[in-house]
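Start counting at 1 in the sequence shown, then tack on 2, and there's your number in the working numbering.
Hints were generated in silico from the structure; no laboratory data involved. Check the hints yourself; a few may be wrong.
Have a look at the derived ranges for each label pair, beta carbon to beta carbon [what the hints assert, rightly or not]:
no. : residue 1 : residue 2 : range
1   : 25        : 120       : 15 to 23 angstroms
2   : 30        : 122       : 17 to 25 angstroms
3   : 120       : 21        : 14 to 22 angstroms
4   : 113       : 63        : 17 to 25 angstroms
Glycine included, every Cβ here is placed at the ideal spot set by N, Cα and C.
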Amino acid sequence: YKPWHMAIDIASRDLPNIVAAASGTVIFAGCAGCSGYCCPPLGETYGGSGYAWSIQIDHGNGYTTWYAHLKNIYVRSGQGVGAGEVIGQMGSTGRSTGPHVHFELRRGVAYGSQVNPLGYASW
Numbered sequence: 003y004k005p006w007h008m009a010i011d012i013a014s015r016d017l018p019n020i021v022a023a024a025s026g027t028v029i030f031a032g033c034a035g036c037s038g039y040c041c042p043p044l045g046e047t048y049g050g051s052g053y054a055w056s057i058q059i060d061h062g063n064g065y066t067t068w069y070a071h072l073k074n075i076y077v078r079s080g081q082g083v084g085a086g087e088v089i090g091q092m093g094s095t096g097r098s099t100g101p102h103v104h105f106e107l108r109r110g111v112a113y114g115s116q117v118n119p120l121g122y123a124s125w
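Starting from the given sequences, assemble the full structure and let the hints guide the process.
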């Protein structure tokens with residue numbers, strides 16, 4: 003976590019599956035963070051711009067989590083997920099420096115409402 007970054011980047015060249023940090027409802031699952039072309043086809047590890055393939059989950063407690071730069075998405079908007087449930091696969095799509103998941107905790111839904119996720123181990 004860096005104050006100017008407002009997220010945690012978790013990297014792995016093995017491209018593991020990504021799991022939900024807590025239970026909730028998927029409110030976005032798709033291509034995000036740019037205008038025009040920004041996502042390669044699902045299943046591609048690299049390419050695009052912005053956040054690219056991303057998932058946002060509403061946890062019903064005033065917080066949402068955002069998972070970006072994915073290679074694959076395994077959930078859809080409106081779907082309920084449990085804590086630890088596989089929701090996607092790590093990639094390096096969008097504005098990315100290598101395979102990782104960009105993980106944000108937001109107080110609310112909107113971009114700009116990010117908070118330091120390290121301070122919320124139990125929310």
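Inset, instruction - Would you pick out the hints that fail for this structure and give their numbers low to high? - result: Hint check: nothing fails, all pass.
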